[in-house]
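Remember, the working numbering sits 7 above the position in the sequence shown when you count from 1.
Hints may contain errors.
As the list claims (entries may be wrong) - Straight-line distance between alpha carbons at most 25 Å, and here's what the computed SDA-like set of lysine to any residue pairs gives: (1) Lys40 / Glu26; (2) Lys40 / Phe18; (3) Lys40 / Arg17; (4) Lys40 / Asn29; (5) Lys40 / Gly50; (6) Lys40 / Ala25; (7) Lys40 / Gln23; (8) Lys40 / Leu19; (9) Lys40 / Val30; (10) Lys40 / Glu27; (11) Lys40 / Glu13; (12) Lys40 / Glu22; (13) Lys40 / Ile28; (14) Lys40 / Thr20.
Claimed, not checked - Pairwise CB distance ranges, derived in the manner of DEER restraints: (15) Ser41 / Gln14: 26 to 32 Å; (16) Glu13 / Gly42: 14 to 20 Å; (17) Ile47 / Gln14: 19 to 25 Å; (18) Met37 / Glu13: 14 to 20 Å; (19) Ile28 / Met49: 17 to 23 Å; (20) Gln48 / Glu27: 14 to 20 Å; (21) Glu13 / Ser41: 25 to 31 Å; (22) Glu43 / Glu22: 14 to 20 Å; (23) Ser41 / Thr20: 27 to 33 Å; (24) Ser41 / Phe18: 26 to 32 Å.
I should point out that these hints are in silico values taken from the structure, not numbers from a laboratory.
By construction, the Cβ of each residue, glycine as well, lies at the ideal position given by its N, Cα and C atoms.
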Amino acid sequence: MKGQFEQTPRFLTIEQGAEEINVGLPTIRMLLKSGELRGIQMGSRGLWRPP
């Protein structure tokens, strides 16, 4: 049995973020690019991470 409080990772992948808010990958990318969803780009490949 898990504890009462589940630990959420500090940063999610785009796939995890899309699953959390129940949208597709193109939608979450659009939200990140427009600034409606905050995120940071990590690494030289420019991978986005929504907090």
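Evaluation of the provided hints:
| no. | hint | in the structure |
| --- | --- | --- |
| 1 | Lys40 / Glu26 | holds (18 Å) |
| 2 | Lys40 / Phe18 | holds (17 Å) |
| 3 | Lys40 / Arg17 | holds (20 Å) |
| 4 | Lys40 / Asn29 | holds (18 Å) |
| 5 | Lys40 / Gly50 | holds (17 Å) |
| 6 | Lys40 / Ala25 | holds (14 Å) |
| 7 | Lys40 / Gln23 | holds (17 Å) |
| 8 | Lys40 / Leu19 | holds (16 Å) |
| 9 | Lys40 / Val30 | holds (15 Å) |
| 10 | Lys40 / Glu27 | holds (18 Å) |
| 11 | Lys40 / Glu13 | violated (29 Å) |
| 12 | Lys40 / Glu22 | holds (15 Å) |
| 13 | Lys40 / Ile28 | holds (16 Å) |
| 14 | Lys40 / Thr20 | holds (15 Å) |
| 15 | Ser41 / Gln14: 26 to 32 Å | holds (30 Å) |
| 16 | Glu13 / Gly42: 14 to 20 Å | violated (29 Å) |
| 17 | Ile47 / Gln14: 19 to 25 Å | holds (20 Å) |
| 18 | Met37 / Glu13: 14 to 20 Å | violated (28 Å) |
| 19 | Ile28 / Met49: 17 to 23 Å | holds (20 Å) |
| 20 | Gln48 / Glu27: 14 to 20 Å | holds (19 Å) |
| 21 | Glu13 / Ser41: 25 to 31 Å | holds (30 Å) |
| 22 | Glu43 / Glu22: 14 to 20 Å | holds (18 Å) |
| 23 | Ser41 / Thr20: 27 to 33 Å | violated (19 Å) |
| 24 | Ser41 / Phe18: 26 to 32 Å | violated (19 Å) |
Violated hints, listed in ascending order, are 11, 16, 18, 23 and 24; each of the other numbered hints is respected by the structure.
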